[in-house]
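There are 4 protein chains.
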Amino acid sequence: MQPSLAEILRDAKVYDLEQPRFSGMPIHPAHRPGYFYALHRRHQDGFQPEVNGLRTGAAGMLTLMEHSGTHLDALCHQACGFTMYGGVPVAGTETPAGFTELGVETVPPLLGPGVLLDVAGWKGQAHLPLKYPITAKDLQDCAAAQKVEVAPGDVLLVRTGFASFWDNEPVYLQAAGVDKSGTLWAADRGVRAVAADNMAWDVPDQRDPDSGATLFAHVYLLPKKGIYIMENLNLDALARDRHFRFAFIGIPLKFKGATGSPFRPLALV
Amino acid sequence: MQPSLAEILRDAKVYDLEQPRFSGMPIHPAHRPGYFYALHRRHQDGFQPEVNGLRTGAAGMLTLMEHSGTHLDALCHQACGFTMYGGVPVAGTETPAGFTELGVETVPPLLGPGVLLDVAGWKGQAHLPLKYPITAKDLQDCAAAQKVEVAPGDVLLVRTGFASFWDNEPVYLQAAGVDKSGTLWAADRGVRAVAADNMAWDVPDQRDPDSGATLFAHVYLLPKKGIYIMENLNLDALARDRHFRFAFIGIPLKFKGATGSPFRPLALV
Amino acid sequence: MQPSLAEILRDAKVYDLEQPRFSGMPIHPAHRPGYFYALHRRHQDGFQPEVNGLRTGAAGMLTLMEHSGTHLDALCHQACGFTMYGGVPVAGTETPAGFTELGVETVPPLLGPGVLLDVAGWKGQAHLPLKYPITAKDLQDCAAAQKVEVAPGDVLLVRTGFASFWDNEPVYLQAAGVDKSGTLWAADRGVRAVAADNMAWDVPDQRDPDSGATLFAHVYLLPKKGIYIMENLNLDALARDRHFRFAFIGIPLKFKGATGSPFRPLALV
Amino acid sequence: MQPSLAEILRDAKVYDLEQPRFSGMPIHPAHRPGYFYALHRRHQDGFQPEVNGLRTGAAGMLTLMEHSGTHLDALCHQACGFTMYGGVPVAGTETPAGFTELGVETVPPLLGPGVLLDVAGWKGQAHLPLKYPITAKDLQDCAAAQKVEVAPGDVLLVRTGFASFWDNEPVYLQAAGVDKSGTLWAADRGVRAVAADNMAWDVPDQRDPDSGATLFAHVYLLPKKGIYIMENLNLDALARDRHFRFAFIGIPLKFKGATGSPFRPLALV
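Chains as they are written, first to last, in the working numbering: chain B, 1 to 269; chain L, 1 to 269; chain G, 1 to 269; chain Y, 1 to 269.
Everything labelled a hint here was simulated from the structure, so no lab data went into it. Mixed in with the good hints, there may be bad ones.
Identical copies carry no separate label here, and so any pair may be met within one copy or between two of them.
Stated by the list, open to error - Listed below are the simulated DSSO-like cross-link pairs for lysine-lysine, each with C-alpha atoms no more than 27 angstroms apart in a straight line: (1) K13 - K225; (2) K256 - K13; (3) K256 - K224; (4) K131 - K13; (5) K13 - K137; (6) K224 - K147; (7) K224 - K131; (8) K147 - K123; (9) K137 - K123.
Working from the sequences, and respecting the hints, build out all of it.
Set out below in structure tokens:
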């Protein structure tokens with residue numbers, strides 16, 4: 001008898017692609033102060049034997065930008081000419097409580113084939129040079145060397161090797177990224193979502209040679225193509241074990257109207 | 001050729017068990033103010049053609065208790081006699097930034113078999129009576145009627161029928177829950193985690209007839225058995241389609257030291 | 001020898017006009033969740049004799065809307081036809097971090113003559129009827145009965161008698177307020193700022209008979225006249241002791257760009 | 001006829017001793033992330049002519065540590081041997097919502113004589129050397145040179161000259177401070193409160209030569225003497241105009257149970 005999906009999931013090897021969340025982790029300057037957790041209810045506070053017996057509880061409060069830590073960008077996060085994906089105008093959809101269209105609650109769970117291009121590993125480097133721009137040719141050659149293809153519907157993960165700098169913001173913010181040619185190449189493959197082990201997928205500060213604008217992927221993938229961008233993944237273990245194809249699970253939370261969601265993506269083999 | 005896990009996941013029917021997150025959703029009194037999202041960066045703010053071309057971005061800030069909305073309780077959330085699961089003492093593990101042991105970042109992704117006991121449906125009710133205590137006999141008879149067994153390692157979901165009151169806090173806070181006998185029955189089955197479509201799994205305000213204490217499951221399942229409790233799931237669609245066995249996916253985030261995590265659980269069939 | 005200002009201040013009788021701040025105090029629906037304080041750093045956490053000797057510290061975190069509790073409204077808080085006081089347009093002055101003009105940091109300390117019109121006391125009532133509209137005639141007659149005049153530059157405090165409902169949000173939100181005629185009368189006197197012991201100075205939900213719009217004082221005093229509005233003061237002790245003229249001290253904090261500031265106003269006699 | 005207190009206050013020259021509050025201002029490492037203001041309700045959001053006429057409002061949200069910016073430390077902020085001022089034990093007074101005794105809401109408005117010792121100015125320096133320890137002799141000699149005495153009940157302000165580094169956290173955190181001898185000298189004068197234009201009054205990282213512990217003033221003035229400490233004042237204008245005696249006004253807010261309060265102190269001459 002074939003195993004059920006539940007059994008396959010239970011028995012799969014799981015790679016956890018989320019970076020740990022703590023105050024002090026790297027934050028994009030636009031999203032400071034980023035993340036804070038305060039444990040204010042302590043166990044001793046709730047000690048009331050007459051009501052609770054020997055039971056006590058503890059709990060805290062999270063204050064965080066939705067673009068802190070490992071997260072997915074919703075389609076409302078970026079616009080081009082004040083128009084978002086599908087021609088939805090910014091005007092009339094922005095409210096103090098978030099967007100009435102294209103908020104992160106409209107993103108379905110991402111479940112399906114994933115592919116890793118370990119560019120740093122392919123080049124034999126622990127990490128790529130600071131701000132190194134990964135080109136279409138890099139991605140293509142890396143895929144060829146890895147003997148994988150990037151197919152329509154895939155979730156594409158690109159490894160720069162900077163995940164280990166998660167406790168070192170100054171370096172992490174200067175990680176390598178994917179340049180315009182690489183982004184176009186990924187979009188041409190018809191991928192569903194892209195991710196990297198850096199802050200923004202894009203190369204920090206790099207400008208589009210044509211328009212002069214920064215963050216090319218952000219203005220192209222989200223508003224033009226409807227391809228999700230996922231940031232700050234840790235791809236080291238997956239690369240170490242040379243799993244270049246796998247089942248990807250990425251499930252953003254339904255924060256109504258928010259422009260992104262922290263999440264804990266997984267790769268299963 | 002057999003489909004890969006990635007293909008199976010891609011083609012599975014997905015039931016989304018997360019309630020939407022918005023300011024005004026029901027919050028347990030101990031976890032107020034609960035949840036707030038403020039969109040403060042608007043697209044027009046970032047309009048700088050010379051730097052960004054036509055690209056603009058928007059983003060906001062989340063302020064939330066980790067026990068708001070659909071979430072999982074970490075083992076450090078509850079103690080019995082100031083001792084947590086595995087004999088870990090509270091003393092020395094509590095810090096302003098959370099717990100140094102048993103924090104939610106230590107919870108592995110929950111992937112595997114799930115079982116739904118639709119108690120409300122089995123009784124032919126849209127929802128159980130307010131504060132109705134679901135007993136071991138209820139669970140057992142419901143399982144028998146549904147022709148399912150609750151097996152070791154299962155994630156057990158119990159449906160009270162109160163998910164549709166997610167926009168009605170006064171009623172939702174008086175939902176039905178699982179009483180002591182039901183909790184013991186579940187633990188005796190060896191389940192890995194339990195969940196219900198209510199605020200606390202337990203019956204609101206109900207006291208253990210033996211100890212006189214409230215929230216029996218919280219003092220039993222977490223500190224004694226290491227069985228996770230998940231709260232505020234929406235089980236209506238799964239019940240409507242009568243999927244009583246399925247693959248469960250529940251992936252809490254790694255908020256270091258936190259006592260729980262919002263998440264978006266899924267059932268796949 | 002005459003006493004110095006310092007000595008006069010030291011020896012003055014001080015009336016504290018601030019309501020206490022706590023989670024659960026009344027909040028205007030537009031400013032929920034309002035206020036929260038979490039004490040997360042406890043004394044025992046910092047016990048490190050080798051570094052700190054016997055010293056320990058404790059501290060927490062405030063999450064609050066600037067219009068929570070006793071506070072002053074900055075001129076950028078309200079606009080009429082998207083124009084703020086002095087003809088400053090909203091466009092170009094709003095940023096994610098607040099206003100670049102007319103933010104609360106531009107409000108000088110309010111130090112000078114204050115006058116109390118105890119309308120509730122004058123009518124012999126513990127508090128005025130719910131949503132009672134205080135008219136120009138009420139203010140005029142009350143002033144006459146109290147034998148005080150409202151003069152240019154005065155800070156005008158109007159007492160409805162609802163301060164004692166500070167622990168009772170449903171009632172407090174239906175307090176009496178000052179109607180259009182009363183607001184016009186106050187502005188005609190040339191006052192510098194107005195305040196009441198209610199949520200908004202204005203009568204809750206009352207509409208301008210001419211324009212049909214709510215919150216007349218908010219659209220008139222702030223954008224048209226540059227007269228500050230102060231809300232949620234406690235005027236009970238001052239009225240009890242029948243101090244109708246006094247030195248008023250109100251010092252909003254310089255939260256850059258914010259639309260208001262919590263503060264602790266005083267009356268000195 | 002003598003002017004009234006109200007008239008004197010109205011006509012006094014006011015020195016504003018508060019530093020502006022903005023995200024990015026210097027924060028003590030123990031109080032990070034410090035301060036954040038998010039303007040999420042914009043004027044255009046509330047444009048509803050049928051309800052509000054031409055009126056629109058804007059508002060935001062503050063997230064801040066109570067020890068951010070210019071502030072006063074409450075007596076519960078520090079303990080010695082787990083005992084606070086007046087012999088109040090920490091045990092039993094700490095709750096998730098703050099302290100049940102000695103919270104900042106118990107601090108009266110500080111109104112009365114103030115004295116400035118401009119140590120930097122007396123030494124002819126724009127600012128004292130980094131981490132310079134101001135001694136009792138410095139304070140005494142400075143007072144003599146300024147021809148002022150520090151008297152019982154005074155609020156004592158000590159100027160290091162570092163206020164102008166308020167936009168430069170790395171330098172500001174290494175400002176000069178008052179050493180143990182200076183703190184003892186101040187306490188011996190019987191002052192009511194002390195303040196400096198630095199982060200902590202104390203010299204950063206300096207250890208008590210006797211006990212080896214840091215932050216001597218924090219363990220001495222607050223728990224032992226009941227003398228308030230005020231931090232991050234800007235004393236430059238007051239010093240420039242050589243006002244060494246003045247009327248001090250410092251009014252902390254009544255955040256129930258909190259360990260301190262941001263405020264806007266003034267000096268009047």
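Item to complete: If the cutoff is 27 angstroms on CA atoms, where do K256 and K13 land: within, between, both or neither? Let me know, please.
Response: Cα proximity of K256 and K13: across copies only (23 angstroms, versus 32 angstroms in one copy).
Discussion item. Cα distance capped at 27 angstroms. Does K131 pair with K13 within a copy, between copies, both, or neither?
Written reply: Neither. Shortest intra-copy (33 angstroms) and inter-copy (41 angstroms) distances fail the 27 angstroms Cα cut-off.
Worksheet item: Between the shortest in-copy and the shortest cross-copy C-alpha distance, which are at most 27 angstroms for K13 and K225: within, between, both, or neither?
Response: between (32 angstroms within a copy, 25 angstroms between copies)
Fill in: Intra/inter-copy verdict for K224 and K131 if alpha-carbon distance must be at most 27 angstroms
Close inside one copy (25 angstroms), not across copies (50 angstroms); limit 27 angstroms.
Worksheet entry | Status of K147 relative to K224 across identical chains (alpha carbons, at most 27 angstroms) | neither (30 angstroms within a copy, 49 angstroms between copies)
Practice prompt. Go through the copies and call it for K147 and K123: within, between, both or neither, with a Cα cutoff of 27 angstroms.
Written response: within (15 angstroms within a copy, 56 angstroms between copies)
Worksheet item: How do K13 and K137 come out at 27 angstroms by Cα distance, when the copy is not named: within, between, both, or neither?
Response: This pair counts as neither: shortest intra-copy Cα distance 31 angstroms, inter-copy 37 angstroms.
Worksheet item: How would you label the pair K137, K123 (within, between, both, or neither) given a Cα cut-off of 27 angstroms?
Response: within (13 angstroms within a copy, 62 angstroms between copies)
Worksheet item: Can you tell me if K256 and K224 fall within 27 angstroms by alpha carbon in one copy, between copies, both or neither?
Response: within (22 angstroms within a copy, 36 angstroms between copies)
Of the numbered hints stated above, those contradicted by the structure are hints 4, 5 and 6, listed in ascending order.
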